[in-house]
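Peer 1: Using the sequences and the accompanying hints, generate a full structural model.
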Amino acid sequence: MKIDRAVITAAGRGQRGIPLQTLVDRDGVTRSALAIILREIQDAGIKKIAVVVRPGDEDAYAEAAGRESEGLTFLPQENPRGYGHALHCARGFSDGAPFLHLVSDHLYLSDETEGCARQLVEIARAESCAVSAVQATRETTLSLYGAVGGVRVPGRERLYQVETVREKPTPTLAEQELVVPGLRAAHYLCFFGMHVLTPAVMDELERLLNAGDRREPVSLSPALHALAAREKYLAFEIKGNRQNIGIPYGLFHAQLALALRGVDREEVLAEMVSQLAAREGLRA
Amino acid sequence: MSVDRVLDLIRSEDEARDQALDHCLTGLAAAELWEICEALDAFQRGDVNLYERVRALFFLHAIHRYHLPESRGLSPEGRIPYEGVRLLHKRRFEEAIDVLMEATRRQGPSDPLCSALAAATHHLAIQTLANQVRRSVRSVRGNQWMFRLGHPADQTLRIRPELTRPDPRGLYPVLREQTPVRMDLTHSGWSDIFFLGMDFPQGARVINVSIDLAVHGSGARPRPPVEAYLRVIDEPVLRLASVDLGVKADLTRLAEVYDFARDYLGLLKAAIIAAGVIPPGMEGSGHRLADLLEQIAGPGRGLELVSSVNGIPKGSRLAVSTNLLAALIAVCMRATGQTASTTGPLTESERRIVASRAILGEWLGGSGGGWQDSGGVWPGIKLIEGCEAAPGDPEHGVSRGRLLPRHRILDETEVPAETRRKLAESLILVHGGMAQNVGPILEMVTEKYLLRAQPEWEERQEALTYLEEVLQALKEGDIRRLGDITTRNFTGPLQKMIPWATNHYTETLIRLARERFGERFWGFWMLGGMSGGGMGFMVDPSVRGEAQSFLLETMLRVKRQYQHALPFAMDPVVYDFAINEHGTRAECLLGREALLPVPYYGQVLPEWVRTDPRLHTPARRGELALLAEVSHADPAFASLAPQLFTQLLPGDREGTESRERSMKTLLEEIGFDPLQQEEVRSRLLSGKLGLARNRLPETTRIEDVPPDAVIESATLGAREETLGLEALRKGEVAVITLAAGTGSRWTQGAGVVKGLHPFCRLAGRHRSFLEVHLAKTRKVAAAVGSPPPHVFTTSYLTHEPIRETLASTHNYGYEGPVLLSKGQAVGIRMIPMLRDLSFAWEEMPGQLLDAQAQKMKESGQAALREWARQTGEGNDYTDNLPMQCLHPVGHWFEVPGLLRNGVLADLLEHRPQLQWLMLHNIDTTGANLDPRLLGHHIHSGKTLSFEVISRRIQDSGGGLALVDGHLQLLEGLAAPREELDTELRFYNTMTTWIHLDGLLAVFGLKRNELRETAKVAAAIRALGHRLPTYITLKDVKKRWGHGQEDVFPVSQYEKLWSDMTTLPELPCGFVRVPRMRGQQLKEPAQLDGWVRDGSAAAVEALCDFAT
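Residue numbers (the working numbering), protein chains in the order written: chain B, 1 to 284; chain A, 1 to 1107.
The hints are simulated quantities; they were obtained by calculation from the structure and are not laboratory data. Note that the structure is a prediction, hence the values are computed from the model and not measured. Incorrect hints may appear among the rest.
Claimed, not checked - Label-pair distances were calculated between CB atoms; the ranges are:
{"#": "1", "chain 1": "B", "residue 1": "Glu216", "chain 2": "A", "residue 2": "Val48", "range": "51 to 61 Å"}
{"#": "2", "chain 1": "A", "residue 1": "Glu519", "chain 2": "B", "residue 2": "Val179", "range": "55 to 65 Å"}
{"#": "3", "chain 1": "B", "residue 1": "Glu216", "chain 2": "A", "residue 2": "Pro166", "range": "34 to 44 Å"}
{"#": "4", "chain 1": "B", "residue 1": "Val179", "chain 2": "A", "residue 2": "Pro166", "range": "56 to 66 Å"}
{"#": "5", "chain 1": "B", "residue 1": "Asn210", "chain 2": "A", "residue 2": "Gln127", "range": "56 to 66 Å"}
{"#": "6", "chain 1": "B", "residue 1": "Leu144", "chain 2": "A", "residue 2": "Thr413", "range": "39 to 49 Å"}
{"#": "7", "chain 1": "A", "residue 1": "Asp250", "chain 2": "B", "residue 2": "Glu216", "range": "47 to 57 Å"}
{"#": "8", "chain 1": "B", "residue 1": "Leu144", "chain 2": "A", "residue 2": "Val1047", "range": "20 to 30 Å"}
{"#": "9", "chain 1": "A", "residue 1": "Asp250", "chain 2": "B", "residue 2": "Val179", "range": "49 to 59 Å"}
{"#": "10", "chain 1": "B", "residue 1": "Leu144", "chain 2": "A", "residue 2": "Thr343", "range": "19 to 29 Å"}
{"#": "11", "chain 1": "B", "residue 1": "Ser128", "chain 2": "A", "residue 2": "Thr413", "range": "38 to 48 Å"}
{"#": "12", "chain 1": "B", "residue 1": "Leu144", "chain 2": "A", "residue 2": "Pro166", "range": "21 to 31 Å"}
{"#": "13", "chain 1": "A", "residue 1": "Asp259", "chain 2": "B", "residue 2": "Val179", "range": "50 to 60 Å"}
Every residue, glycine too, gets a C-beta built ideally from N, C-alpha and C.
Peer 2: See the structure below:
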């Protein structure tokens, strides 16, 4: 399966400014969050990238993308109807081909030499199907994520056959529908904000957008739940972690994580120790 | 070989497991039975599953309770080690069994030890079952996380955003859940008990119908009887209110949520917990409730949960409380996003989780409903069936079946619309007015199922076939046949399995309905666990209206007739009902609709009005404004204003005065002796009486009696019999039955006259204690050709009902003289002495609670000490209903009562030859004028001969003892050490043979002085002085407001008949009688064992009933 394009959604309410924030990356270079995400995608060997934005945000995003803006397409989301709708705006761009999808409020830190997106794209190519990156997550933060239920693919490490997808489930629902054998107790496979999707997802999104009340927001999870019933759909536990920069202190935690894995590690650690010492000293 | 056969009953997977235990044990001697007990005990301790363990424990119970006591070679005497009793009291059953088994190995099997082992194994079996259900409920998927969550920050549930947005008035939307209740067409022999469903899933089948109700004649249309309301409030508290109970509380501490016993809001608390809003895992975490509420509802906010039950009282057998719990859980789950939709019906998986949480809530709150009880959550008519546990289920490998059954809604092809209409036209649902505890019945069913007792097991198979017949009748729309099946089920399998499913009241109603409507009476239908409360009568639709009126009138009339005999909780009602085809449903009330039920405001408005308006929150102000607005338009709300005025100006002063007036009148009527009361008070105040003074000094030497102290009744023979028969023939004997008490343990405080309770079917009919006693005397009268007088001693509580009953039944056909001796002894309860409170709370053994509860208990006790100090120690307790302020003063006074009220003098006038009396308790059903025992008493020359029995573990409180060398009956209150109970082998039955002149001599009286009132009174007082007066503390409830109640400890005194044995000049003898003669029936739960061990048949054989 050929995967040569990617879609980033960045049009969500309260989300528009997040990718424009700047951080110092692992190499000690100051970049916008958007640029870091674009680099993640490009490292996976994908050059054609579309960003779904609120109309009018294109220039600010182009500037934030900086040197990574080459090959970038902006897709304005008119009359927004939620996350699923935003992704559906890229239907023309995806042009009936599989594509990589990332959200714009997450940064990824891989535990491997390969980036998280690359790990995902490779597995999707090998399996020739849609694959969502997931991470085992404690039930106490279930309300922040979409989550999948399913079973391990026999003989394969970190790979799961998806049977159910639920958006921000309560623990009650999660226990009934999303328990995955083999995980630690009270842990569920939650989305990592990164998927390789097939054209069937666009069909499902279209169906949802045209069903029922045509003003209601449409989320991605119901489309993925339908996808699981329709074709082979896997979840892959990425070796790495995600940093949600859209929540309070999210940006700070992401910066800290980047710094502690990057070239400025010693300097940052020294500064933290000195801050702590100064605080304790004052108290004494 | 027998050992293997018994173990095979448990282990085998084929039909061998369905054989009766009794068959394997027939004819075995004590030693052989004990060998089986050893093997069963070892087996249940091994690596066995739940079913095997519970069945082995019930087998052990049955062998110790029924088989060993009847077996050859069992010693009647044995000593129960105190340690075993202590462990049993502390509910450490396994250790208790260890101690008791060891004692049996040392002493050999004996009747007392068997009784203790029977109790211990029964408790352990029931506890094991309860624990397993609890464990299974916790392991249901969807419930597990709630037990892991221990910190507010980890709570992921959030109130749905639409419920957190106030309208312009400041009012938050109200989410309302409306839930029908359920009735069952056939429970297939109580197969809805959790354990039965889990062990015998293929036999666990019920047909369950969701219904709406209205009280017939009220003009209202049937509607879902159960409602739950939830809304966000702008205060960081958890506000709980029960509209039907009239109780409301603001909870501010987490610990209060888990304190179920604190008030009447236990059900609401259980719902909040079981719904995961305040999860069970948070108990004892020490976190702040406000933090958790902030996490769920937002900063500064809280939640209000309100329950409302429309006009269905307790005991309706319609599973009201389970369905209310389910409604409360459902509304909490909807509000916190645990259901797909906020409003409308629930999905099947949501209904299942609500049902499992309702079970969880019931176990949290300490109750336990049936497995079909949350049926109201589902729509229409459904078949509910047990399911076999499969790999992957938490129950797999533990029990054969799953905890939760499968619900299959029966559609129109299975129950056509026509049938539903016909059912509604034919069925009359009623509440008969009785509210009884169904718990003992459920335990009996479980036990009989596990023992596969024949014929109960055959009846269970039979009951299962009825379900298919019901399904067929429903399909064909044949309601007449349906009535026939439910009637056959009730009179057949149900009563054969559990005779206590019916009662005299129900039988009377069925008989009268049948007499009135003949062929047009189609059948009776028992709803739920037992009859007397919720019941169904099926009639030809052409007479339905007439039958409704007839049933209401008849129930009221029969209730009035039996109101002193049977535990009625309310006046009977007839319901209008409709099948609810939706199940539980919710809607969101917005804007002008966003109000709680009208009675809620009746409850809270007085408090709101008294509050400084500036202190109201914006939401409260908005609510008051809206109330003002709607009360102009809506007559229901308009009724709040006059109600408010009444509540703001309570007529409390008037109430107190009328209370004092009625108390005075009552005391005058009873013939209260103020001198006696004053004397007790002065001795109490001076410290001569008190809890500590009840006990004999520690230094008293108390020993068990030597073998020759007690005569064996079995050794009495022809000589005694001849003597006894002669006295009977000459008319020298009378019976005195003590019938002054209401038997508070018998009906759990329902206040009926125990003697009049038709407690058991004997010789084909339900008979009361009174009837049984007279029938025994009748039989003796017929045998000797001279009817002895039979005296019933009564009290202010029992006199009139007994008099009326004896008059209307012509003394139950007894031809001899029947007299009533109205007792005049009554005391006024007193404010307790501080030293007695300290003694009770600090020096008497009590169970230590967990740290928080202990703290709360101690703070409550400090408040009560202050109350006693301020109200005045030793003063009369009068601040309550008159009946709550009076107390009976002990059975000693019932004998002097005969002297004082002239009954004995009258008797002697008509029967001067009278020499001997047999005195016994109302509940000693086996006591009769046995000529051998009478002859023995005559021959012995003693003034009093007491009948004693070998002690079993349930016989607590005193016994026959050598007290400093003097042979006497020691009362439990006087025992200086608790262990004495197990050291004394003989227990007092209270049955006493009396030599009349000897007794009069003790009082210092002669026959011809009995008419000298003053002399008699002085004699009684003088003897009374010589007997100990016991002070006891009793908790009395004081109800106020809307169902609020406080409990106060009050002092009361009593004198006991058995203390006559302490008088040195009074010659007393003691005879050991068989248990069947001497045992007393104190609780209805004893009845089944009493029938099974042959006691009932033995009593029946002593009786000659007139009809």
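Peer 1: Hint by hint, work out which the structure violates, then give me just those numbers in ascending order.
Peer 2: Those not satisfied are hints 3, 4, 7, 8, 9, 13.
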